[in-house]
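Generate the whole structure from the sequences, applying the supplied hints.
Sequential numbering from 1 applies to the sequence shown in full-length UniProt numbering.
Keep in mind that a hint or two might mislead.
Claimed, not checked - Computed Cβ-Cβ distance ranges for the label pairs, DEER-style: (1) 28 to 100: 19 to 29 Å; (2) 120 to 7: 42 to 52 Å; (3) 145 to 34: 17 to 27 Å; (4) 120 to 10: 18 to 28 Å.
Stated by the list, open to error - SDA-like cross-link-like pairs, simulated, lysine to any residue; straight-line CA separation at most 25 Å: (5) 104 to 138; (6) 89 to 32; (7) 27 to 54; (8) 85 to 112; (9) 34 to 23; (10) 9 to 103; (11) 54 to 33; (12) 14 to 40; (13) 51 to 84; (14) 85 to 143; (15) 89 to 19; (16) 34 to 121.
Hints were generated in silico from the structure; no laboratory data involved. Even for Gly, the Cβ is constructed at its ideal location relative to N, Cα and C.
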Amino acid sequence: MIEIILENKRGNQKINSTAIEEILNIKADFGYVKDISDSINQENIMAFDCKLDKSVFKYEFLEEDFYDEYDIEEEYLQVLFEDIKDYLKDVCDDVEDDLQEEYKYDDIKCHFEIYDLDETFTDVKFVLTISFGNINRAKLADLTRHIAKRQLQGSSKYFN
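Here it is as structure tokens:
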């Protein structure tokens with residue numbers, strides 16, 4: 001758990017990553033959220049290892065003849081992956097808006113990076129970073145990619 005002090009319209013306000021983890025866990029989109037902010041050692045940034053709820057996307061395999069006949073397997077899977085990315089982008093935007101409203105602080109930014117996805121598209125693991133400071137989106141995206149790579153290499157609870 002880390003704690004950040006914001007200077008907002010209400011004055012100084014403390015925010016801890018455990019409270020943010022609880023907010024994320026309440027959302028129906030998340031099947032699992034774990035605070036990994038301690039592991040990144042970045043000022044004013046929190047990080048969470050997340051799993052999308054299994055009910056959000058469901059991919060059912062069809063008969064192989066169907067794929068061969070219409071030649072759609074690879075393209076169809078790419079569309080599903082893009083749909084998942086778009087969905088997570090919307091979730092991040094909602095989280096960002098909710099936190100800005102909750103803490104009356106406009107400089108909150110969120111970014112995600114998928115680090116694992118099973119073939120059924122029901123097991124989507126990703127890292128969510130939330131910045132409470134002045135950082136540009138490209139830097140936050142780079143940090144998120146780095147954390148996701150680390151999670152894929154074994155830091156995630158899913159691979160231990």
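Do the hints match the structure? See the list:
Distance hint for residue 28 and residue 100: a CB-CB separation of about 20 Å, consistent with the stated range 19 to 29 Å. Judged by the Cβ atoms, the range 42 to 52 Å given for residue 120 and residue 7 holds: they are separated by roughly 46 Å. Between residue 145 and residue 34 the CB atoms are about 19 Å apart, so this pair conforms to the stated range of 17 to 27 Å. A hinted range of 18 to 28 Å is violated for the C-beta pair residue 120 and residue 10, which are about 45 Å apart.
Taking the CA atoms of residue 104 and residue 138, the gap is about 24 Å. The hint holds against a cut of 25 Å. For the given pair, residue 89 sits about 17 Å from residue 32 by alpha-carbon distance, which is consistent with the 25 Å threshold. Distance restraint check for residue 27 and residue 54: the Cα-Cα separation of roughly 13 Å lies within the 25 Å cut-off, and the hinted pair is therefore satisfied. The suggested pairing of residue 85 with residue 112 holds, with an alpha-carbon distance near 9 Å, which does not exceed 25 Å.
For the hint linking residue 34 to residue 23, the alpha-carbon distance of about 12 Å falls within 25 Å, and the restraint holds. Under the criterion of a C-alpha separation no larger than 25 Å, the hint pairing residue 9 with residue 103 is consistent with the structure, at around 9 Å. In summary, the hint linking residue 54 to residue 33 is supported, as the alpha carbons are separated by about 13 Å, within the 25 Å threshold. With a C-alpha separation of about 19 Å, the suggested pair residue 14 and residue 40 falls inside the 25 Å cut-off, and the hint holds.
Simply put, residue 51 and residue 84 have alpha-carbon atoms about 12 Å apart, close enough for the 25 Å limit, and the pair holds. The straight-line distance between the Cα atoms of residue 85 and residue 143 is roughly 18 Å, inside the 25 Å bound, and the hint therefore holds. A threshold of 25 Å between alpha carbons decides the hint, and for residue 89 with residue 19 the separation of about 22 Å falls inside it, so the pair holds. For the proposed pair residue 34 and residue 121, the alpha carbon gap of about 21 Å is at most 25 Å, so the pair holds.
Checked against the numbered hints given earlier, this structure breaks only hint 4.
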